[in-house]
Amino acid sequence: MASWFSNLVATLGFFLLGHCAYATIGYREGLKLAEKEYNLPPSEILLELLVATAILVWSSLEMGGPFAPIKVDAASNRLVKLPELMDFCSVNHRGRGLPAFLEPSGGMDD
Amino acid sequence: MAIRLHELQELDKLEERLSPLAGKPGGDFDARVQCLRLLRRMRLRRSECVVMYGQELVKNKAWTRRLGTQLWDVYEQVALAALDTGDLELAQECGNAVARKFPGSQRVAKMAGMLLEAQEEWEEADRVYKETLEETPGSHLIHKRRVAALKSQGNLTGAAEALNAYLDIFQADAEGWRELAEIYIKLQQYRQAAYCYEEVLVSQPQNSLIHMAYADVLYTLGGVDNFRLARKYYAAAVEISGGGNVRALYGIVQSAAAIAAATKGNKRGEPESTDLPLLAVDVLKKEYQQHCPALLPIVTRTLDGQVALL
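Quick note, the sequences are listed as chains A and B, same order.
All residue numbers for the first sequence refer to this note's numbering, where the first residue is 2 and numbers rise by one.
All residue numbers for the second sequence refer to this note's numbering, where the first residue is 43 and numbers rise by one.
Among the hints, erroneous ones may be present.
Listed next, the in silico DSBU-like pairs over lysine-lysine satisfying Cα-Cα at most 30 Å (straight line) [claimed, not checked]:
1. B:K66 / B:K103
2. B:K274 / B:K228
3. B:K66 / B:K101
4. B:K143 / B:K228
5. A:K82 / B:K274
6. B:K66 / B:K143
7. B:K327 / A:K82
8. A:K72 / B:K328
9. A:K82 / B:K103
10. B:K172 / B:K143
11. A:K72 / B:K55
12. B:K103 / B:K55
13. B:K143 / B:K103
14. A:K82 / B:K228
15. B:K274 / B:K327
16. A:K82 / A:K72
17. B:K306 / B:K274
18. B:K55 / B:K101
19. B:K274 / A:K72
20. B:K55 / A:K82
21. A:K72 / B:K327
22. B:K172 / B:K103
23. B:K55 / B:K66
24. B:K327 / B:K306
Please keep in mind that the hints were generated in silico from the structure rather than gathered at the bench.
Just so we're clear, the structure is a prediction, and the values are computed from it rather than from any experiment.
The shape of chain A in the complex, shown without the other chains:
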C-alpha cells in the first residue's frame, strides 16, 4: 500500500531534483549572457531543492520499511530464541510419516 505511493513520491522527488539542475544551468547561461557573476541560484530554485530533498528523504525512509529497534534492552529487541542449527538438521525423522499439511481439526480449544 505504502510502496506504490512512496515510489510515486520518490519519482516526483527525482524529477524535482532534475528540474533544479536544469533550471540552475539555464540561470547560469542567462548570467553569462548578461555578463554577471554567479554566486547562488535564485531563491525559487533553492526552495525547490529543499522540497525535493525533503520528499526524497521521506520516501526513501518509507520504502525501507519501519525502523528496527537498536536499543539492546528495548522490549521488542528481546532475544527470543537461538537460530536453529539448520546445517545439522536431520531429514530422516518421524515427520515423514505424517501428512504434510494437517488441517486444524477444531476439536481442541485454544
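Fit chain B to the given chain A structure using the hints.
Quick look at chain B alone, frame taken from chain A:
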C-alpha cells in the same frame, strides 16, 4: 546470532497475511518473497510454511522471472523444506533446477546428499559427501552434513567424534560448538557439553541465551560449585537481557535453593546472601501479575516453597 522479538512479530504478521493463500496458486507475491527471505535470514525451521508459500513461487513461470537472482536461494530453500516435509518429488525438482544452473556446486552436492539421506540410503549419501570433499576438502557444509547423517542414523557417539574432528580444523564455528553441546547433552555427557558452551560463550559473550544454556548445563551437573557458577551465569543472562528472561530468573531462584539445600548444616564459611534470589522472586511475581495473572497463585506457591529452602 539470535532471533529477536520484533523479527518474530514481523514474521507472524506476514504469515497471517499469507494464511488464506496456503497451498493455493496466485496471490501476494511480495508477501511470499518477504516471508521466505525472513525465514532464511532468521534460520527458522518452518518447513511446512516454506513449502506452502514457496512452491507456488518456483512453479509460476512469471514469478520465477520476477525473483531474479534470488530465485536460486528460493529453490534451495524450498528443496530443503520439501525434504523436511517428505515431499521428495518437489525437492528433486527444485534441486535439479539449481543443479542445472550451478553444476559442481557444494550446495548442490549437499542437496543431493540430503535427498539420499531422506531415503535412508546412507552409504550412497556418504559417497556423495566423500566425493565432494575430495574436490573441495575445506567445504564446511559437507563436513557438517556428514555429522548430521551420522546423527540421523542414531549414531550419536560417531557424530560427536566426527564433529570433534571437524572442530579441530574449524575452531571458530560457534554453530558447530552449539551442535556438539546438544549432542553431548543427548549423550548425558554434561561436562563436555559445558566445555562446548564455553566455546560458544567466548564467541558470543553478549548473547544472554548462551549464558542461560551454559548455566542450565552447570545446574544439571550439580554440586555446590556448579550451582554457584550456574547462579552466576543466570544472573549474567538476566543482566544482559535487561531482566527480560523469565527462565533465567527461575534459574537464579532454583540454583540458590539448590545451594542452600546442599550447604544445609554446614556451619563453616559465610552464609549465602539471599538478596539475589529474593529479588528474582519479586520480579517473577510482578511479571506474572502483569502478563499472566491466572497463573499467579501457582507461581507464588512454587516460589514460596523455594524461598522457604533458602
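**OP:** Could you work out which earlier hints the structure fails to respect and list their numbers in ascending sequence?
**Re:** 4, 9, 22
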